[in-house]
Amino acid sequence: MKRLTESLAAKITAIILSFLMLAVAFLSAAAAVYMIDNGFYTKSRKELIEGAAAGYRGYDYLADILNFYERKQDIDAYAEQNHIYYAVSDENGEIVKTNYSGETYLLKYLEGRTMEGSAIDETSGELYRDPYTNEYITVTVYIPEETVMNDDYALIVKFTDFLYSVRYTVFFTGGICLLLWIILLCFLYSAAGHRKDGTVKLNYLDRVPFDIVTAAVIAAAAASIALVGEAGYGSWAPMMTEAILTLSADYFIALAFTMTFATRLKTRTLIKNTVIYKVLKFLIKKLKSLFGFIGYNLKNIPLVIRTAAICGAAILFQLIVYGLFAYNTGEMVVFWLFFALCITAVIIYVAITLQKIKEGGERIAGGDLDYKIDTKYMYGDFRDFCGTLNNINKGISAAVSEKMKSERFKTELITNVSHDIKTPLTSIINYVDLIKKEEPENEKIREYISVLDRQSGRLKKLIEDLVEASKASSGSVAVNLAECDPSVLLSQTVGEFDERLKAAGLTAVINTPEKPVRIMADGRHLWRVFDNLMNNICKYSQKGTRVYLDVSENAGRVNVTFKNISAYELNISGEELTERFVRGDRSRSTEGSGLGLSIARSLTEIQGGTLKIDIDGDLFKVTVSFGAV
Amino acid sequence: MYNILVCDDERDIVSALKIYLESEGYNVFTAFNGSEAVEAVKQNGIHLVLMDIMMPVCDGITAMVKIREISNIPVILLTAKSEDTDKILGLTVGADDYVTKPFNPVEVIARVKSQLRRYMQLGGGQKSEPQSGYTIGGIELNDKTKQVFSDGEEVNLTPTEFEILKLLMKNAGAVLSPKEIYREVWGGDGYGAESTVAVHIRHLREKIEINPAEPRYLKVVWAHGYKMENGDKK
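For the protein sequence lines, the chains are H and A, in the order given.
One point on numbering: in the numbering used here, the residue at position 411 of the first sequence is 411, and numbering is uninterrupted.
One point on numbering: in the numbering used here, the residue at position 234 of the second sequence is 234, and numbering is uninterrupted.
What the hints contain is simulated information worked out from the structure, not anything from laboratory work.
Take every hint as true, because none was put in to throw you off.
Heads up, incomplete: computed chain A residues facing chain H, CB under 10 Å, no partners named: (1) 10; (2) 20; (3) 177; (4) 198; (5) 199; (6) 220; (7) 224.
All C-beta atoms in this analysis are idealised placements derived from N, C-alpha and C, irrespective of residue type, glycine included.
Work the whole structure out from these sequences, hints included.
Take a look at the structure:
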């Protein structure tokens, strides 16, 4: 079923089939109505055919035979030619002339006429009437079934016959077709939009705004109604053809419309992809930005001016109100105006003070820890509040410097301790090497020595990384930013790692942009970042895979990405990996200090860049990003 | 037979170095602080000093200055500090080279040999200045005979490596980008040119440098290119 809903051929077949099914169902229904109206279920087959053949040319035969009889021509030959039987009887019912001898017939026609006597003129050989002899005769024509069936009129009879034969099956067929049609429609609606690749996608029609599609469909419906209505005045056959063609076209249009409706529902684009929605959205967006613009402008008017403006407006409003409604204007108004001006002055003073406090708060929040709010012209609660703010500032600045001191102290401690560790480690490494040089006989000692050798090497690396990590994260390394090209550094790095990559069975694929990109970075630190990342790649990549190294510029950022396939399962997030001492394998059975990525991130950050790790299954991706110059 | 003075307050390190150097056929004197070292240099005919920086009584830097007052023998500093500032300080007060702890014995021996060769060649005037070639520090390049010497010892280079080295020595001190090097040595702009150059430079460094990770002469200017300079003169 899944495969079918995605197959284009299946859909096209279903569309055509659905049309055929509906057509058959429709015809069946029409036939049933016709048959019920014409008594197909009450009359016998014979009656029906007789009824259908009511306009049959039996009367022509009668007329011909009467004429032939009158002119004394050969009736038998005529009858034989037309495969009919006839009988001519006189006034008394005596048969005068016949070729009928009791054969079965389907239709019987009868006509009597008073014949004028006639005779052949012997001299001229012409027929002339003899008005004195009258003869009343009756002609009967028997038409056997086969004759009717072979005649031109046969179509009507055959049609009636056919209808009679299917008078019950028509319900069955119609029902089945209707059912199949519904099933096909269900299939089509569920399959609408499904593609070979298992996704639901929009086709050309689905991308046209829905209201436009709807309008077009309504227009098409109106046009087809007009067409069919107009066709009613024409002749029968072209009218039917036109009606059938129009209705078929309507069917396909309706099907396409409902299918696109289904697809839109599935992809939730029914409402979104309409012109009305887009216009409304655009208008709302514009309105929002307009309000935002107005709000922004209002906010940027200094607090003092805003307050003054509001006070001024209030006084003006009151003056107008008094002017309009007050009867007693005079001293009271002057007094009131004086009072209002005094209040305004106080309000403006408060506004100025608030403005100062606001500015000070913003400066402090922005990290300016040395800022002091000037309390010279402040009184009462305002003064106290500013004093508190200034004290908060002092507290924060003390906490920050304390924090920085402890960070520096930590770095110093790590550096000193590691120096002290290095001296005994030197002895260990050297003496291990000396023992190795002695080439001890004992196999076990040789094995133990190789362990010592490996582990002391690891310890050395760990100490070096530890110092570097603590320095990089506390920011106590000198950074000399200069314009440089990451593409060049990448190729240099790959050159340095050429042999190690080969030894690890890895192939490096470098993609750099055509046009050189530039970033601000410290080449030496950036090399350490790339060095650490490449070290990781050599250590943890699946053998025989490719390593993708890309430099790209996107929206003002230069991204250097390192992509490789991990040889180990990475059940850890990218964020956790850049923590200190964390490694992809939690068991820590492999070499390495677990500081590489942490160092890489710290070193990238002190140069103003960012380092991001994405893990997707076994795909390990590191993105080092810097602002483009 | 050269006399070498090893000075470190850590006796185990001194004896280890003594074992290595003696196995190479040097005559080793030992000292355990700066003043002992200065004394030893005064009394014995020392040809080279290997000295720690952080020592009690008299540290390596002070001793270094005192030694320079009486002799111009090569001095290699041993240091646990790996910061650039410490290295620069050591070099400015007159040290010829430095080794960071924990060190690799093989590297120490190589540096000792290199310093001795240069000291002896310079002092004995045996050095024959190549007529058509370039010299930077201990690296000599003879364009006629297509030979390259590192501290007097011939180095086998491939023709490409030779051309790169010649280009860099001709433009000593200038930073050449991988693209420029490729254009000069190979001609044209090839696909993946930059990595090709980087690989050859790496090989070249392995051949002419004692510690390719910390080159003295063939410097990598990260994200820009490469240059040849005399790292001894800081």
